[in-house]
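Asker: Each chain, letter by letter, is given below.
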Amino acid sequence: MNHDPYYWGRPSDEVYGQYNYNIANAKNVEQHNQNNSNFPKMNTQQPIITGTSVISSKFKNGIIIAADNVGSYGSLMRFNNIERLIKVGSQTIVGISGDISDLQYIQRILDELEIQQEVYDNDGGDFLIAPNVHEYLSRVMYNRRSNMNPLWNSIIVAGFDSEKKPFLRYVDLLGVTYHASTIATGFGSHLAIPLLRNLIPENKDYINVNEEQAKKVIEDSMRVLFYRDARSGEVYSYAVIRLNEETGKIEFEFNKKTKVEDQKWRFAKDIRGYGSTQH
Amino acid sequence: MNQVQTTVASEYSSEINKIPIEHRFNPYSDNGGTVLGIAGKDFAVLAGDTRQSEGYSIQSRYEKKIHNVGDNILMTANGFAADGVELIDQFKQQLKWYKFDNQNQKLKIGSAARYIQHLLYNKRFFPFYVHTLIAGLDDDGKGAIYSYDPVGSYEREQCRAGGAAASLIMPFLDNQVNFKNQMIPGTNENKTIEFLELDEVIKLVRDAFTSAGERHIYVGDGLEILIVTKEGVRTEYYPLKRD
Amino acid sequence: MFRNNYDNDTVTYSPTGRLFQVEYALEAIKQGSAAVGLTSKNHVVLVALKRNAEELGSYQKKIIKIDSHMGVALAGLAPDARVLSNYLKKKAMENKLIFDKQIQTYKAVLSIADKAQENTQGFGSRPYGVGLLIAGYDETGSHLFEFQPSGSVLEYFGAAIGARSQAARTYLERNLEIIQQETEVEKLIVHGLNALRDTLSQDVELTFKNTTVAVVGKDQEFITYDDEDVQQWLDKLDSVSNARNREEETEENTEENTHETNNEDNQDHPTNEDRMETDE
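Residue numbers (full-length UniProt numbering), protein chains in the order written: chain A, 1 to 279; chain B, 1 to 243; chain C, 1 to 280.
By construction, these hints were calculated from the structure, which means they are not laboratory data.
In this text, all values refer to a predicted model and were calculated from it rather than measured experimentally.
Even glycine gets a Cβ: it sits at the ideal position worked out from N, Cα and C.
Be a bit skeptical, because a hint or two may be false.
Claimed, not checked - Restricting the straight-line Cα-Cα distance to at most 25 Å, the calculated cross-link-like pairs of lysine to aspartate or glutamate (DMTMM-like) are:
1) C:Lys89 - A:Glu135
2) A:Lys60 - A:Glu135
3) C:Lys107 - A:Glu212
4) C:Lys209 - C:Asp238
As the list claims (entries may be wrong) - Label-pair restraints from in silico Cβ distances:
5) C:Ile223 - B:Asp138: 40 to 50 Å
6) B:Asp199 - C:Asp227: 39 to 49 Å
7) A:Ser101 - C:Leu176: 52 to 62 Å
8) A:Pro201 - B:Val151: 36 to 46 Å
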């Protein structure tokens with residue numbers, strides 16, 4: 001008998017050879033068969049291919065949201081063609097950072113949601129708005145975290161509420177939600193938020209900011225992120241959703257393959273030390 | 001390696017060698033914030049700051065934390081924000097059913113309090129990571145505060161602070177609301193408890209939060225006070241320091 | 001009673017393509033007292049006649065609130081209505097919880113219609129014995145639906161179900177255009193009560209005890225008026241008894257009136273119908 005406190009009662013390895021999990025430990029048989037691992041049943045414990053920050057801001061009569069197109073595998077830039085802004089319904093954008101496979105799963109359930117709500121329930125209506133999408137996603141995220149099987153993402157939902165006011169709200173892998181006039185995920189919360197809050201110091205101040213101002217700060221933020229976030233990319237997508245106050249209609253603008261402009265690298269020639277050949 | 005180990009320490013060392021360390025997803029986080037409830041003679045207040053944080057980042061400077069859940073009951077669940085929202089949603093949902101099942105009867109604060117105990121204890125082995133407070137008026141029209149631990153142990157109190165700066169505010173409340181350690185000048189007697197008026201309570205709450213905001217990084221941005229009287233619920237908002 | 005070989009269950013069609021069990025269920029609705037619903041652009045009104053099993057007993061509830069934007073009026077088996085309305089309540093709350101928006105009336109009605117339809121296709125099952133008028137105001141405006149045990153759902157500007165409801169329908173049809181244009185809730189309720197009044201049998205009047213009124217609409221949460229609260233609406237009526245009865249009152253002095261010619265519904269049901277077990 002094996003007297004090791006943890007394996008107490010099992011046949012000793014010296015006499016009987018390695019313990020055969022197929023015989024006794026029925027509950028974990030499947031897993032032990034697969035990889036002969038001692039790990040318990042495992043759900044996602046870390047993201048694999050990841051997308052970095054999503055940044056967003058309200059302005060007077062609309063909302064702007066941006067995310068680059070990189071999919072990283074650790075520190076490797078594995079993909080540069082990942083679209084992380086998802087359009088849901090006619091006036092909502094969901095921006096996702098974090099695990100890309102989970103992103104694709106979320107994309108699929110949002111597709112199903114849209115079909116269910118707008119086609120089946122409404123016969124081609126147009127009622128699915130940002131607060132509905134956010135509430136639904138936050139239920140999904142919180143339920144997954146409660147089953148200890150999270151979707152490894154931070155999500156920003158941007159659009160309009162039922163009173164046609166700009167709507168911006170966040171939800172992440174823990175199911176934590178909040179709203180603000182400027183929201184950024186990941187590195188963006190450190191690098192972009194200071195710039196964005198400089199434009200919109202208080203939540204209510206977004207009404208004093210026009211689209212051009214918001215767009216400029218978003219562009220600046222994307223540049224700063226490209227400079228300093230090693231997992232960011234030069235090419236990004238951004239979407240603008242605005243309420244045309246004359247027609248009362250909501251306009252949707254989705255721009256892909258935008259480049260980070262006005263990059264300044266003159267400082268680079270002055271860098272000294274490490275691998276630099278300059279002295 | 002030693003095959004036969006007898007001491008307790010060696011038992012653990014063998015465990016560490018042979019069992020893979022379980023690196024689990026942590027389903028909780030701390031979103032900071034602090035809340036405070038005080039009961040008066042014919043009113044009760046529930047107050048909370050409006051900041052929501054995660055680590056050193058301020059996520060939002062205004063996220064509602066004190067909820068008017070209906071039937072003149074105020075509720076807050078401070079700590080892990082997602083659990084707090086879920087708990088309050090569950091309670092509101094059940095209150096709706098209660099109304100359907102009981103001819104729209106008003107839910108008494110004591111019944112609400114007991115029910116919330118069950119909501120919390122139902123998740124005894126995967127708790128809601130929150131400090132819960134509710135406020136309302138009891139059958140006699142007196143102010144009532146009930147406070148809970150994360151797994152549902154609860155008690156009715158005159159005042160209670162919860163959340164990040166609870167340990168900063170609670171001693172202040174003990175002294176100012178329940179007159180702990182206060183003597184009557186010139187005598188050797190303790191000051192006895194008497195009810196504070198609403199304006200005094202508001203002043204206390206504001207002082208408590210401005211002071212906590214000075215010392216605690218998770219407190220700030222705004223102070224929202226909900227006041228419940230027999231006339232209903234009203235809200236007051238005061239800005240706090242945003243640093 | 002006549003014998004029918006094709007009414008033992010809901011899985012057997014008659015040679016003429018009818019499902020007798022389902023049709024019997026529709027009959028159960030007619031045993032219940034009347035409920036009337038009508039819509040204008042921004043409002044929906046439900047009115048119904050309550051009955052009590054005996055003098056000392058309470059009146060059966062006829063209108064059930066589902067959510068702040070929706071409610072139902074029933075005619076037929078009240079326990080079935082309770083089950084269905086509980087299901088609707090659940091659906092409404094679920095929708096609010098998951099999507100942060102009130103369930104659309106249409107979606108809610110379809111959910112119980114699907115439930116009812118299942119009961120028309122199973123061997124051991126009985127179709128629901130109740131008809132519902134579902135009133136709701138949502139993002140798509142005001143709606144009035146009629147639900148039937150067959151699982152069919154139709155939308156109406158004005159509808160009536162239950163005993164002698166044909167009289168109410170006739171009133172609604174005659175006044176449809178005025179009703180649709182109506183902007184004041186008060187007048188809409190009066191029209192509803194006028195229609196309900198026409199369903200009364202000879203010896204009954206609308207009273208605050210037997211009448212129930214509900215309204216939902218734009219900036220108006222679903223609200224029901226019962227007992228003393230109903231009197232304010234009855235006060236707005238020129239009369240609380242059936243138009244036919246009023247005519248009779250004037251004729252009474254001249255001759256003994258046998259008033260059996262008035263309405264075919266009257267003949268369908270014996271006079272003791274108000275005491276029937278099937279009533280809600």
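Asker: Which constraints among the numbered hints does this structure fail? Numbers only, ascending.
Answerer: Violated: hints 3, 5.
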